[in-house]
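Number of protein chains: 6
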Amino acid sequence: MRLDRMTWPAVEERLARGRRGVILPLGSLEQHGAAGMLGTDTICAEAVALRAAEIAGGVALPALAYGPAQFNLGFAGTVSLRPSTLSALLCDVLASLGRTGFSRVLLLTGHGGNVAPALAAVQEVLSEVSLGRLVFPRPLSVKLRAWWEGPRLGALRRDFYGDREGFHGTPSEIAIALHVTGAAPAAWPAYRALPPDPLVDLGGDRHEDAARHRARYPEGVVGADPALATAEQGAALLQAAAEDVAELFAAFEAAPEPHS
Amino acid sequence: MRLDRMTWPAVEERLARGRRGVILPLGSLEQHGAAGMLGTDTICAEAVALRAAEIAGGVALPALAYGPAQFNLGFAGTVSLRPSTLSALLCDVLASLGRTGFSRVLLLTGHGGNVAPALAAVQEVLSEVSLGRLVFPRPLSVKLRAWWEGPRLGALRRDFYGDREGFHGTPSEIAIALHVTGAAPAAWPAYRALPPDPLVDLGGDRHEDAARHRARYPEGVVGADPALATAEQGAALLQAAAEDVAELFAAFEAAPEPHS
Amino acid sequence: MRLDRMTWPAVEERLARGRRGVILPLGSLEQHGAAGMLGTDTICAEAVALRAAEIAGGVALPALAYGPAQFNLGFAGTVSLRPSTLSALLCDVLASLGRTGFSRVLLLTGHGGNVAPALAAVQEVLSEVSLGRLVFPRPLSVKLRAWWEGPRLGALRRDFYGDREGFHGTPSEIAIALHVTGAAPAAWPAYRALPPDPLVDLGGDRHEDAARHRARYPEGVVGADPALATAEQGAALLQAAAEDVAELFAAFEAAPEPHS
Amino acid sequence: MRLDRMTWPAVEERLARGRRGVILPLGSLEQHGAAGMLGTDTICAEAVALRAAEIAGGVALPALAYGPAQFNLGFAGTVSLRPSTLSALLCDVLASLGRTGFSRVLLLTGHGGNVAPALAAVQEVLSEVSLGRLVFPRPLSVKLRAWWEGPRLGALRRDFYGDREGFHGTPSEIAIALHVTGAAPAAWPAYRALPPDPLVDLGGDRHEDAARHRARYPEGVVGADPALATAEQGAALLQAAAEDVAELFAAFEAAPEPHS
Amino acid sequence: MRLDRMTWPAVEERLARGRRGVILPLGSLEQHGAAGMLGTDTICAEAVALRAAEIAGGVALPALAYGPAQFNLGFAGTVSLRPSTLSALLCDVLASLGRTGFSRVLLLTGHGGNVAPALAAVQEVLSEVSLGRLVFPRPLSVKLRAWWEGPRLGALRRDFYGDREGFHGTPSEIAIALHVTGAAPAAWPAYRALPPDPLVDLGGDRHEDAARHRARYPEGVVGADPALATAEQGAALLQAAAEDVAELFAAFEAAPEPHS
Amino acid sequence: MRLDRMTWPAVEERLARGRRGVILPLGSLEQHGAAGMLGTDTICAEAVALRAAEIAGGVALPALAYGPAQFNLGFAGTVSLRPSTLSALLCDVLASLGRTGFSRVLLLTGHGGNVAPALAAVQEVLSEVSLGRLVFPRPLSVKLRAWWEGPRLGALRRDFYGDREGFHGTPSEIAIALHVTGAAPAAWPAYRALPPDPLVDLGGDRHEDAARHRARYPEGVVGADPALATAEQGAALLQAAAEDVAELFAAFEAAPEPHS
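Chains as they are written, first to last, in UniProt numbering: chain A, 1 to 260; chain B, 1 to 260; chain C, 1 to 260; chain D, 1 to 260; chain E, 1 to 260; chain F, 1 to 260.
A hint or two may mislead.
Cβ-to-Cβ under 7 Å is the rule here; a few derived chain D residues that face chain B [claimed, not checked]: (1) ALA95; (2) ARG133; (3) VAL135.
None of these hints come from the bench; they were simulated from the model.
By construction, the Cβ of each residue, glycine as well, lies at the ideal position given by its N, Cα and C atoms.
Let the hints inform the model, and build the full structure from the sequences given.
Shown next, in the form of structure tokens:
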């Protein structure tokens with residue numbers, strides 16, 4: 001279910017029945033290689049969240065389509081939030097959800113750059129609770145996952161792409177975006193393996209400012225081979241990711257509060 | 001065109017051709033009366049922005065689905081940003097757009113509560129420019145409009161609803177949401193005219209905290225009669241609003257910079 | 001009455017009698033054309049607030065003499081606050097007033113650039129109330145008006161200046177400043193009508209950074225003909241504005257709280 | 001000279017002549033004992049600044065009438081800024097002045113609670129300079145003084161009041177306020193000497209929250225005997241303080257920049 | 001080498017020789033179980049950083065002894081920073097180091113709660129670089145590691161403690177603290193294995209507010225058996241961790257900048 | 001006693017016995033002249049705090065090793081916090097201490113640049129208390145002292161160094177650092193008396209940005225003759241300062257709360 005399509009009495013009634021969980025998809029608007037859509041991260045996170053909500057009978061919030069992506073500002077069309085801005089936004093969202101009676105929030109990200117500010121925001125809100133400055137009707141628990149962290153999806157993308165999955169502009173995200181948008185596959189520059197470099201960490205597309213990042217990855221893909229992606233794979237990947245997330249969310253929403 | 005479906009080379013090429021305008025729809029997730037969808041404001045702003053972009057050959061950014069709506073926090077499902085959070089977010093978005101070469105940004109809001117923080121954000125970013133802390137390749141101009149401010153839309157909604165348009169949960173926004181989502185019309189509580197009150201200003205759905213706001217408007221509609229709304233009206237209203245916005249945007253994007 | 005000339009026991013006693021309203025004048029320190037005083041906005045807002053307080057038996061706070069005016073930083077002597085700074089300041093003032101027992105605050109601005117940050121501040125404080133982080137002895141209501149919004153003043157300035165009132169360095173504000181300060185009228189550059197321009201909105205003196213703003217309005221006046229101003233007109237305008245504001249304030253302060 | 005009564009060309013011309021100094025009076029709106037005016041601090045700081053500017057041929061900015069005074073929030077009519085808010089405001093004012101070409105700013109406070117946030121603001125602005133984020137046409141120097149720190153004033157208030165000067169609601173500030181406003185002297189509660197207490201530091205009216213502060217000083221005066229104050233003394237004190245400040249300011253404004 | 005024991009000419013000379021790396025240890029002051037020292041995280045991070053700096057001929061900064069630990073505020077003596085505060089502090093430290101000429105900064109944490117705010121801070125600073133608001137003499141690269149992430153340490157702690165290492169109050173950190181401080185080992189409550197719970201993530205000591213956290217872990221240890229710790233193990237663990245960190249740091253500091 | 005070496009049950013027990021005081025040493029990492037250690041301020045503040053805690057049977061927190069020192073950023077190795085950052089950090093520390101039951105906090109600084117932000121932080125936290133946003137189990141009192149403000153230390157440093165003590169890189173701080181670290185004394189540039197300058201205030205090492213500060217004090221010492229320092233003097237100075245601080249702290253911790 002999409003929260004934005006519900007009415008407030010429907011939400012009130014659902015909370016009264018003890019269904020207190022919600023999924024918030026977090027995306028980004030940033031370059032995804034020469035033939036990838038700028039909105040890839042949001043498209044994927046939103047699609048997985050909606051499908052997972054369907055499967056689990058859960059509720060999904062509207063996606064946040066912007067995230068911290070300063071390293072990609074050298075590519076036209078990228079929009080980047082400061083991490084502190086995303087944290088402030090998530091603090092407000094969590095405080096609103098907590099006040100209204102939601103108590104299990106799953107942040108589902110499609111962009112690695114959201115992880116640190118999102119986790120920081122959770123602790124910021126809980127700091128307010130621990131100091132007595134925020135009081136919620138129910139204790140608030142928050143989890144964060146990327147849509148690609150579950151076992152079904154992991155197996156599938158290894159099958160499909162092996163070590164050409166890479167770190168940015170990955171074939172799995174490109175495939176899901178093709179499936180979701182119905183866009184036609186486009187031609188991609190040749191695959192370029194990541195050379196080892198002590199300056200770069202694994203998953204290492206976020207360590208530099210925009211100028212150096214573009215110099216290092218001139219057309220934007222990081223260690224991935226998006227040319228492998230097809231919409232058919234995208235359909236399967238979306239389903240797998242959604243099942244992983246639905247399973248996690250269902251257990252999270254249903255888990256009893258141990259100290260009542 | 002939707003920016004999130006474009007690639008970075010396509011954006012780069014468009015900017016190189018001198019097409020430097022973009023529309024950013026701003027919504028809200030908040031109660032819209034007992035039978036109105038929580039996402040009504042975002043649904044409307046996004047639909048108008050996309051249609052206007054089509055008409056004008058312009059580019060629309062992904063909608064921001066959350067805004068300041070503290071007065072509606074007494075209704076389940078409402079999510080509210082602090083105004084300072086929305087301002088911070090828009091500062092980052094404007095700085096990113098300015099850095100990338102966009103120079104004409106139209107903020108198109110579907111929620112009155114976005115207006116003040118958005119205008120504040122514009123001045124905040126321009127303060128940075130005026131103090132020399134931000135330098136853009138082109139001078140940045142920003143306009144803000146609500147989707148209902150144009151003449152075509154104004155005439156139509158007067159025709160359709162007269163003085164029952166009201167201020168929140170208005171039949172025009174409900175109608176557009178019905179049209180866009182294909183949802184079935186629902187039953188509404190009876191129309192309740194706004195009594196005059198010196199505590200309340202015209203358009204006055206934002207003057208109070210959440211507890212008082214719910215006490216004053218127990219099911220959430222403010223001076224409107226959303227039961228009048230139909231999807232057919234929604235189609236016409238959407239088209240009218242989009243034509244108004246497209247006209248404004250086209251002139252704004254094409255206007256020469258006077259001091260170069 | 002001026003709050004800064006009262007003692008705390010006098011304020012306490014007044015609140016105990018149920019007089020819980022206060023007027024806060026908001027100005028700006030910024031260029032007002034080649035012959036206009038930098039403090040014009042503050043001079044006008046403060047004079048209207050004091051006179052209105054007299055008429056209504058109300059209380060006026062000391063004026064805030066600084067506001068956001070980045071667009072005028074290209075003219076010597078202009079001081080500009082970031083909008084976020086003005087919002088923070090007004091949040092503190094409103095929280096202090098609310099805590100002390102004031103419950104009806106009229107923000108009276110003499111500068112358009114104060115409007116957005118002031119309205120944002122009201123929602124910021126009410127957000128704190130709605131989340132339970134601020135508790136006041138009485139519910140707090142805040143209104144914002146510019147001193148020129150009332151009917152008496154509107155009629156008078158149309159009579160005096162017609163379409164030469166303009167948007168900045170207006171003859172009405174110059175006239176009031178002449179009357180209040182007793183300064184001698186000065187020579188002004190010739191009237192320059194505003195050319196239509198899709199980059200500029202009506203009331204459009206705030207859309208640009210400082211460099212472009214000075215380039216567009218080289219001596220600072222925006223669509224106004226301040227040479228028309230006389231101190232005698234100023235006296236009449238001040239009285240008219242004060243009567244408008246006093247009427248609004250009296251009704252606002254006396255309005256019963258509907259939900260007690 | 002008052003900056004708010006000057007025009008921008010007059011300021012520009014003055015700066016061009018190398019007169020780059022300005023005085024900014026900082027006040028507070030807070031209780032000053034049962035018979036003291038809430039605006040005493042602002043009244044004094046502004047009066048001294050204006051008189052000093054006259055004597056030194058200098059320029060005074062409009063006073064800031066609000067400051068941090070949380071300890072006095074238990075007394076009706078007190079308005080308190082968070083220290084961080086005052087710092088933000090002064091950062092903006094200093095950045096504006098520096099950008100416009102002022103290079104010697106004297107902050108003249110009438111309230112001890114302004115000192116720490118003002119000094120913090122100076123370092124905050126200079127941090128921006130040192131990191132290269134703010135560039136001014138001339139190096140900016142800022143001094144902070146309370147109006148009572150000079151030798152002439154010090155001698156006079158020792159003569160007039162000896163050890164009954166105290167720390168808040170002092171006879172010297174009350175006397176200046178009587179002189180400036182023409183108010184009639186009022187009856188005061190009996191003098192109460194400050195008992196020694198290891199919890200309280202010398203000048204110690206700022207160490208506690210509002211509830212404890214009011215419990216300790218039930219009618220607001222701290223170790224002072226304001227009943228001694230007369231308007232005649234006020235005239236003499238004002239003149240002495242202004243001479244002290246004028247001397248300091250003149251030397252400060254005229255001092256050559258050593259490293260050019 | 002410890003930076004705090006160096007002189008500025010020594011630092012200048014070292015930078016001139018191209019040695020541009022530095023290690024910053026990040027700790028926390030928070031409960032570490034009934035017999036664990038509150039400063040355990042800082043003691044460990046600092047000891048590993050100093051030893052690693054010795055091994056690699058590198059430079060270590062003074063430790064930051066405070067971090068975000070709101071979940072432990074229910075235990076006396078815990079001090080917690082908001083995540084936004086730690087981020088702000090690290091932004092300032094990184095900006096200072098970057099300005100001075102350091103270009104390789106290794107953040108070495110002893111507390112999981114520092115990771116998200118630290119990574120957010122890195123992106124915040126790099127955002128400033130990417131927007132042109134900060135300019136450093138050399139491109140800045142930042143890495144973050146916990147001291148327990150290297151292979152030597154990992155092997156050793158598996159050998160010593162197997163699955164009784166746990167997540168908070170771990171025997172390995174207790175052992176290092178015993179070794180570093182020379183404190184005598186104390187008696188510990190009996191080992192309590194972590195029950196599986198869908199509310200708790202792996203490494204899951206940070207998901208709740210302080211009240212719930214103390215209810216769940218009544219004496220503070222999370223899935224660990226610190227009674228196993230000895231000072232002798234601590235010496236070996238410290239050496240292993242330092243060798244891991246030294247190796248990483250040496251490669252990081254020496255890696256050539258690829259785009260010059 | 002060092003809090004970082006205590007366990008939480010030990011702290012809990014101590015608070016239960018009514019020992020509610022704590023000392024927090026504040027330092028800085030900044031140049032201290034050509035032969036002075038960058039960490040001198042922290043070394044001194046921490047050593048005095050620990051010794052004073054021993055003497056008074058009090059508790060010392062870990063030192064904060066970073067402070068605002070923008071004026072010294074022109075010297076390699078200096079790290080500077082923005083004043084607002086230090087204030088935020090101290091707000092968090094004070095809120096944590098207040099929540100846990102500490103009620104007497106002595107901030108002991110070794111760096112003048114910490115004073116303003118620290119005093120601002122105290123008022124910021126107390127503002128939260130006065131507005132009801134923070135509630136502590138006991139009223140919180142905070143004092144701030146520099147370690148050199150007591151009478152024993154004052155007498156001794158006059159004896160040792162007379163007017164060559166100066167303001168930065170003073171022989172007394174250098175001497176204590178020599179004593180504490182066991183470092184060998186180094187050669188210093190010749191003593192340079194401070195010329196009088198109306199731009200510089202007494203204690204005046206903080207009035208300028210980094211570029212001007214280095215131009216004025218080319219090797220970093222301000223009016224001091226650190227060549228006079230010996231480790232033996234350092235031992236005596238440390239003891240004298242610690243006795244001064246212990247006396248102050250003991251009285252502060254033991255003082256009864258007057259209004260209970």
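Here is what the structure says about each hint:
With a cut of 7 Å, the hint placing ALA95(D) at the interface with chain B holds, because the nearest CB-to-CB distance is about 6 Å. The beta carbon of ARG133(D) is positioned within 7 Å of a beta carbon in chain B (closest approach about 6 Å), and the interface hint is therefore held. Look at VAL135(D): its Cβ gets to within about 6 Å of chain B, closer than 7 Å, so that hint holds up.
Going down the numbered hints, you'll see the structure goes against none, and every one checks out.
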